[in-house]
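Counting from 1 along the sequence shown, just add 192 to a position and that's the residue number in the working numbering.
Since the hints were made in silico from the structure, they are not lab data.
Okay, the calculated beta carbon distance ranges per label pair:
#1 M193 <-> E260: 37 to 43 Å
#2 L259 <-> E218: 19 to 25 Å
#3 E218 <-> Q349: 38 to 44 Å
#4 A291 <-> Q253: 19 to 25 Å
#5 M298 <-> G378: 19 to 25 Å
#6 G326 <-> Q355: 24 to 30 Å
#7 S280 <-> T255: 17 to 23 Å
#8 A227 <-> L288: 31 to 37 Å
#9 R300 <-> T328: 37 to 43 Å
#10 V294 <-> A365: 44 to 50 Å
Using N, Cα and C, we set each Cβ at its ideal position, and we do this for glycine too.
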Amino acid sequence: MQWTSGVAYVTGLDFFDEVVRANASENCNRPSPCAGWTALDVLGHVGMAVEFGTRLLQGEQPTWKPLELPGNAVLGDPGQWWTTKVGSARDTVHGLDLATEVDSPMGRRSIGQGLSFPAVDLFIHGWDLAWSFGRTVEIPDEAIAFAHQVLDQIPTQQLRSPQIFGAEINPPAEATTTQRFIAWTGRNPLH
Numbered sequence: 193m194q195w196t197s198g199v200a201y202v203t204g205l206d207f208f209d210e211v212v213r214a215n216a217s218e219n220c221n222r223p224s225p226c227a228g229w230t231a232l233d234v235l236g237h238v239g240m241a242v243e244f245g246t247r248l249l250q251g252e253q254p255t256w257k258p259l260e261l262p263g264n265a266v267l268g269d270p271g272q273w274w275t276t277k278v279g280s281a282r283d284t285v286h287g288l289d290l291a292t293e294v295d296s297p298m299g300r301r302s303i304g305q306g307l308s309f310p311a312v313d314l315f316i317h318g319w320d321l322a323w324s325f326g327r328t329v330e331i332p333d334e335a336i337a338f339a340h341q342v343l344d345q346i347p348t349q350q351l352r353s354p355q356i357f358g359a360e361i362n363p364p365a366e367a368t369t370t371q372r373f374i375a376w377t378g379r380n381p382l383h
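Generate coordinates for the entire structure from the input sequences, incorporating the hints supplied.
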């Protein structure tokens with residue numbers, strides 16, 4: 193069954209949340225697969241994006257102000273900081289009509305369209321965070337199919353840029369589906 197952006201987003205929140213709950217409070221200073229970022233920076237980036245989206249869905253017009261080191265946004269215990277973000281996001285998304293149009297930084301579009309890229313981000317950065325913690329996670333096949341549905345529409349020169357993904361890496365012959373997808377995003381799928 194093909195996922196909607198709402199299913200992908202909520203499942204992505206759960207996926208990322210599980211990785212955070214397993215390790216975030218003690219391991220956030222470790223390097224991540226994202227150039228120049230630690231695990232705390234990955235957590236900060238995702239938490240800020242989730243909070244931004246939540247505020248937008250609540251009818252606010254927040255301003256996106258990315259930090260050079262997103263970990264600086266994380267205040268106090270990283271796991272507790274994330275818990276406040278994910279709880280509010282789940283509450284806000286529950287029961288939304290994905291066809292409703294809202295004003296966003298990308299222009300007027302449906303809630304479903306607006307949740308698509310953030311949903312993909314939750315799975316990829318969940319993998320990044322697990323990698324930072326020395327863990328292996330498998331991204332669900334449905335999430336990978338959804339990611340390609342979203343990402344394959346982005347022009348290559350935009351997709352393969354410092355803001356999104358690096359050049360695709362050739363995965364090893366015995367790579368799992370997750371490892372092949374992660375290599376496609378420009379990350380080394382092996383620890």
